[in-house]
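Visitor: So the sequence lines, in the order shown, correspond to chains C and Z. Taking my numbering, the leading residue of the first sequence gets 1, the next gets one more, and so forth. Taking my numbering, the leading residue of the second sequence gets 1001, the next gets one more, and so forth.
Hints are computed from structural coordinates only; laboratory data are not their basis. Everything numeric in this text was worked out from a predicted model, so none of it was measured. Check the hints yourself; a few may be wrong.
As the list claims (entries may be wrong) - Covered stretches of chain C, going by a simulated chain Z footprint (3 or more residues, C-beta under 8 Å):
id	stretch
1	82-94
2	122-131
3	351-365
Said to hold, decoys possible - Residues of chain C placed beyond 12 Å of chain Z at every Cβ, according to the derived structure:
id	residue
4	ALA6
5	HIS79
6	VAL100
7	ARG136
8	GLU180
9	ILE182
10	GLU206
11	ARG226
12	LYS240
13	PRO241
14	LYS395
15	GLY404
Built from N, CA and C at the ideal position, the CB exists for glycine as well.
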Amino acid sequence: MLSIRAVDLVVIGGGPAGMAAALAAAEAGVEEIVLLERQESLGGILPQCIHNGFGLRYFKEELTGPEYAHRFMLELEKHSGIKVKTATMVVQVTADRQVVTTSAAEGLVCYQARAVILAMGCRERPRGAINIPGTRPAGIYTAGSLQYLMNIEGFLPGRTAVILGSGDIGLIMARRLTLEGIRVKAVLELMPYSNGLNRNVVQCLEDFNIPLYLSHTVTAIHGQKRVEKVSVAPVDAELKPLLEKEFDLTCDTLVLSVGLIPENELSLQAGVELDPATGGPVVDSYYHTTVEGIFACGNVAHVHDLVDDVSTESAIAGRAAAAYLRGEIKGNRWLPVKAGRNIRSVVPQRLVAGQTTPLYIRARFPERNALLHVGRGRVKRRIVSPGETIYYTVKPEDIDESAGYIGVSLEGGEGDD
Amino acid sequence: MSTPEVDVLVVGAGVVGAALIRELSRYELKLLLVEKEVDVSFGTSKANSGIVHSGIHDQTGTLKAQLCVRGCQLFPELAAELGFLYKQNGAVVVARSREELVKLEKLAENGRANGVKGLSLLSREELRRLEPNLSAELAGGLLAPSGGIVVPFDLVFALTENAVANGAKLLVGTEVLGIKEEKDGFLVRTNRQPIRAKVIVNAAGLYGGEVAAMIGDHSIQLYARKGEEYLFDRKLEGLVRRTVFPLPSAISKGILVIPTVDGNIMIGPTAHRVDNDDDLGTSLAGWNEIYTEARKLVPALQPADLITAFAGLRAVGTTGDFLIAPSHVSPRFINAAGIESPGLTAAPAIAEYIVELIKDSGLKLRRKREFNPIRSVVRLRDLNPREQAALMQKDPAYGQIICRCEMVSAGEIRDAIRRGATTLDGVKLRTRSGMGRCQGGFCTPKIIRLLSDELGLPPERISKNGPGSELLFGRLREDQEETAKEEKQHA
Ligand SMILES: Cc1cc2nc3c(=O)[nH]c(=O)nc-3n(C[C@H](O)[C@H](O)[C@H](O)COP(=O)(O)OP(=O)(O)OC[C@H]3O[C@@H](n4cnc5c(N)ncnc54)[C@H](O)[C@@H]3O)c2cc1C
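So that you can see chain Z by itself, here it is in the shape it has in the complex:
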C-alpha cells in the first residue's frame, strides 16, 4: 500500500472538518479529510437544532462569541455559493414575566457587545403581531434578525463536495488509530492505509480527546451532553416563522420552537450529560420535558402531528469555551475541540481562524487561481413547472417519483449516490427521501434497489448507515428454491 503524503490532514468530517477543508481548498495544498464513518456528517453535525445563531447568547470575549457572530455573517454568501438549504428567518427570545423582561434587556446588551446587529426589544403586542401563534401569556421579546436556520447535513455535504471539486481528497470509512510525530510532520496509522501529513487538524468531535491523546496531548477532556429533538409534520408550516427561544439557563439556550428550512416545526433540545458516547436514544422523560416547555411558547402543538424524533451529543469541554489552538505537544497539531453549540454556526469562522493558525505553524499558503466557490445540485421541488418539465424531457429519471411524501425523483437519488451516498441514510440526508410523513414506508424498498444497482452490490449488503446496520438478511427460502430451479433449467 502506498502512503499518501499530504500537507494538511483533517481528522473528522463533521461541519468543522468540512468547513475547514473547503476553506483550505482555496490554497495550493495537498489536502486530505478522513472520516471513520461510512459517510460525512454522520456524527453530531447530523443531529442538532440547525440554527444559525446570531451570537447574542455567548459571553462577550469568548471564542464562542467571536466566532459565532462571524460565522453567522458568513452564512448568506456561503449559501449563495454552495446552494445548501439555509434561510435567514430571524430569532426571537421571549420573556414569560415582567421580571424576565429585565433579563431580556441584559441579553440584548450582551448581544450588542458581541457585535450582533439589528437587535430590538418587542412589546407584548409587537411580539404577537410578528408571531400570532405564540402564547398570549408572554410579556415581550427580543428580535435578532440576523439569526437563521440551515439543514446541517446539507451544509456538510455542500462543503465537502465543493472542497473535493477543488482538489481536496476525502476518505470515508477511515479511522485514525495512531499518530507518530516525525521530523517534518506525522505518520498516521488508520484502519486502512497509513498517511504522512505535515499538519494535522483534530476535528474529531466527541472523539477529540482520544485523537489528541494519540500524540501524547492529554489536555483535551470532553464529555457528551445529549439533546433530544422532536419533529412535526410539514402541515404545521408557518406556525412560527422565526426561531423562538425562552430565556437561557446556565448551561443551555433552553427548549426552542424551530421552523426548519423544509417547512417542519421542530422542538428541543434537552441538555443532559451522558456517559456513553454512542447513547443516541430518545426517552419519554425527554419528550415530556420538551413538550411541556414548548407548549408554554406555542400552545397549539399537538403530539398527533409528530413524525419523528432524534438525539445528538454535544462534545463539551472543561473551560466553557471552544478549544481551538495548536497542541502544547506540537505546533503542527491543531486541536478544534469542545465544539459544542454554536459550533454549527461558527464552523465557517472556525475554518478561517484555523487557516491563520496553520499559517503561523510555518506552512506556506498560496491562493489557487482556479478555485471555484460554486456548487450546484438539482432539487426538483425547488424548480417551477416549466423547469421541471424541461428537466424531465432531458432525463426521464427526474420524472419518476420515488419518495412520494417529499417528491424526490429517481434522478435525484441516482445523483445523490454518485455524489457519495452509499447507505439508506446517506441517500435520505442528501435528498430528503424517507424524511416525510410516512418515514420511508413506501420508498425504502425502492431506494434499496437503486443503491444496489448503482453501487453494484447485492441488496443484502445495503445498510442503513454502515456495517452492522444491513437492512436485509438475504432472500426468502421459496425464492431461493425458485432461483435454484431456474438455474438448473438453464444448465
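Next comes chain C alone, as it looks inside the complex:
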C-alpha cells in the first residue's frame, strides 16, 4: 500500500511563492519542511523570464527572473530541514492535510502534514475560454508557453506574429519576439486601456514601434494547417466587435495573453473557499485559508503585478504557518473586507483584529484623483488603473470593530479619458 510520511509542513509549488514561504517557515523554526515542485527545477515561471525588472522592491536592485530565483535557491540550500522534491506532481490534497504525490523517482507517495501552504501559481487562459471563432491550425500559443518554448527550449516559433492582450506577459513577449527577428504586426487589447504596467507599454512597445490597438479584438482565425491571418475589429462600449470595420492581419503565429487563472483545483479538493473576485482562496491577515492549517500565497491567491510582492506576501504566510504549528494563531477574531465603489478585489479578504495588514487592492476601471477609503483610513490616489495594484497597509487604528466589516472603496474620482 501507499507509504505515509509524517511532516510538519508541506509547501506545494516551488516558484517564488513556495520558495519564500518555505524559507520563512524554516527561519521561524519549522524543522521538517517538504517543498514539492512538478517541474524539473525550482523557480516556477522565473527561469523563463530572462528579461530584467525583478527585485526592485524586494532586493532594491534590478535582476532578471533567473537571477531572482537563484537568490532564493541559494538560501534554500542553507536549510537542511527543507527537503526539495522536484519533478513531483501533487495529485491530491485533503482537508485533513494529506498530500498525495507522484514522481518517476518515488512513484506514489502520501505525506501527512500538520500544515500545508498552497503556492501553485496560475495558468493562462486558453483560446477556447475566450471563444475566438475560426479554424484550429498550428501557430496559436499562449504567451507563457511561447516564452517557455523560446527561452527555455531555444526554439523559433514563427516569423510574423499578432499578440492579443496587453497584459505584462503579452507586452514582454512583443519585445522578445521582435528581438529574435519575428515581426510583431500588432498588439491588440479589448479594453480601452492596457492591462500591463505602464513601464512595460513604454519599454516593450513604444521603444520598438509596435502598434497597440486599444479596444480591438481578434474576430476570426484563418488557415487550415498553420495560421495564415487573423481578422481584427474594433469593439464598442459593450465590447462587441464592430464587424463592418473588420480588417485582416497576415501572420503565422497568434499569441494570446488574455488573462491568468489561479490554479485552485487542489484547493477545491481540500474544501478551501475561493473568492470569485480573485479566483484564489479567501485568506486572512496570516494567509490562512478557510480550512484550518492550510495557507495560500502568491499567484494561487491572487494574480500579482510583481514577483517582489509575491515574496513579501509568501514570507508572511511562511511565518504564519510556523506560528500555527506552535499553536499560536488559532481562532483569531477577524472582520471581512467589503468592496465598495470601483473595487474589484481586496486581498486578504479577512483582517485579523489588532494586526497591521498590507492590502493588495484592484480597481474595476481607470480614474484620476480618487480618495481611497479603507475603514477609517483615507489616502489620495492620483492615478487608478485596473492594471496596477493599489497598495495600502491597514493599521489597527483604521479599523472600527463595531462596524462589523472594513469597507474599501475609491471615492470622488474623475473619469479617465
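On the provided structure of chain C, position chain Z with the ligand as indicated by the hints.
Guide: Only chain Z with the ligand this time, still in chain C's reference frame:
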C-alpha cells in the same frame, strides 16, 4: 516498389473503415486499410457529438434506423472487448410545451417501431427528478435508456489497433488517387505504392463521391453539412447525466446538451450546409445559435466555463439514407457513403452489413481460429492508488506526469506514440493530454520533446496534425550561434 496484393482494401480510416477492418479481421483474409491523413480518425470521426443513439429518431424502414438500433445494441460488448471510453448514460428528449408532448408520443411510437427497447414517457415532475438542472419550463420527456456516449476517436483507435493485432495492415499518409478495374479485381494508384485488391470498400467519408468516380461510378453525390460543438470545463460534471435532446427538426436532432465520457459538458451541433470540404471553422453565429438553444434546456450554462470549440462535417447524400451497396459499375466495389449521423453509432452494424455484401460478391470468408477480440491500454486515471503505485514501481515513466490538467504520464504518451501517434493531435486524442482546461499550455513543449525523442525526428519536424502544421520553425539565432561555437570548440 512491390505491389501488395490484398483480398479487401478499405479506403478511409474513419469509424466506418475502422469498424469494417476489425470485423473483417475475424476472417482468413489479407486486409489493408489506407488513410490519406497521417493518422486514423482525423476526418469526421474525430469531430462529432459522440453519442450512441438509441435509434428513436430515424424513419422506420430505412437503413439508418435498422443499423442505428443494431449498432447501439453492439456497443456494450464491443466496449468490454476493446476498452474504449463508452458509457450507457441514457437519453431524454424533452418537450417544451403541451403541443410538443404530442410530438414526443409520436417519436416514441417511431422508436418502438424501429425496435428500440425500454422507452418511457416522463411527466414534468419525473423529468425534473431525473435531471434536476433542466429548465423548470419543460413540459415532459421521453427516456431512451439504451442510448450512450462514446469518445469517438478512442473507438476508432481501439478498432484499428485490434484489427492490426489480428493481422490487418494499416497504411496512413496513403491517398487513393486512381482505380483501374482488372480481370480479378483492381489496381489502385496511391501517392505511395500501388495496390492490387480483389474487393474495395469505399469508406472515404466526405470524399466518397470522388473515390467512387475513380471507377466511373458517378452516382454518389455528397455535400458537407457542418456542425459546431462547444465544450465546457469538467467542473460542470454531473450538470446533466443523460444526453438531453429537444424535439428534432426536419434535418437534425437539434441542439443537444451532452455529458461526455470524460466528464465535460458539450453543447451542439449546428447543421448548416457548407461548400468547402475543409471548412472546419467555428463562428460567432454558430455559438450564438447553440448557446441560445442549449440554455433553454439547461439554464445554468455559462460562457466563462468554456474550454474549447470545434466543428465537424457530415457527408450528406441525396436520398436521406445511408448509401451502402455494391456499385452499379462493379459488384466488387462496395460504397459506404452518405454516412451522416447516426454513422458513429451504426458503424459496428454497418461493418456486419458490409461483410454480408462481401460474401455476396463471391469472396470466400473463413473464420480465423486465433482471432483475439481483446485490446487493452494503460490509463493511469482509471486505476486505483494501489494499482497506480504498482505500475509506477514497475515503470517509473508512469509516475512522471506530463499533462497536469488531465493527469497523463510520460509512460502513457510513450505508449501512444508506439501505438501509432506521430503528431501532437495524435498524442492528444489517444491520451487526452492537452485536452483539459489549460488546452496544452504547459504540456505542449514536453510532448514535442517526447515525440521528437521517440520518433527520432528533430523538433521542428513535429506537427500538429501532419505536413504543413509544423509547430516550430527551427532554433533561435543566439542558440544556433552557441551550438556553432560549441561545435567549433569540439573540433
Ligand atoms: C457535428 C457532427 C456530430 C455528429 N454526431 C454524431 C453522433 O452523436 N452520433 C453518431 O452516431 N453520429 C454522429 N455524427 C456522424 C458521424 O460522425 C459520422 O457518421 C461518422 O464519423 C462517419 O464516419 P466515416 O468513417 O464515414 O467518415 P470519416 O470519419 O470522415 O472517415 C473517412 C476517412 O477517409 C479518408 N479518405 C478520404 N478520401 C481518401 C482517399 N482518396 N484515400 C485514402 N483515404 C481517404 C479521410 O481522410 C477520412 O479519414 C456526427 C457528425 C457531425 C459532423
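Visitor: Against this structure, judge whether each hint is valid.
Guide: Hints and how they fare:
no.: 1; hint: 82-94; result: holds (count 3)
no.: 2; hint: 122-131; result: holds (count 7)
no.: 3; hint: 351-365; result: violated (count 0)
no.: 4; hint: ALA6; result: 18 Å, holds
no.: 5; hint: HIS79; result: 27 Å, holds
no.: 6; hint: VAL100; result: 7 Å, violated
no.: 7; hint: ARG136; result: 7 Å, violated
no.: 8; hint: GLU180; result: 6 Å, violated
no.: 9; hint: ILE182; result: 9 Å, violated
no.: 10; hint: GLU206; result: 24 Å, holds
no.: 11; hint: ARG226; result: 6 Å, violated
no.: 12; hint: LYS240; result: 10 Å, violated
no.: 13; hint: PRO241; result: 8 Å, violated
no.: 14; hint: LYS395; result: 37 Å, holds
no.: 15; hint: GLY404; result: 31 Å, holds
Checked against the numbered hints above, the structure violates hints 3, 6, 7, 8, 9, 11, 12, 13; every other hint is satisfied.
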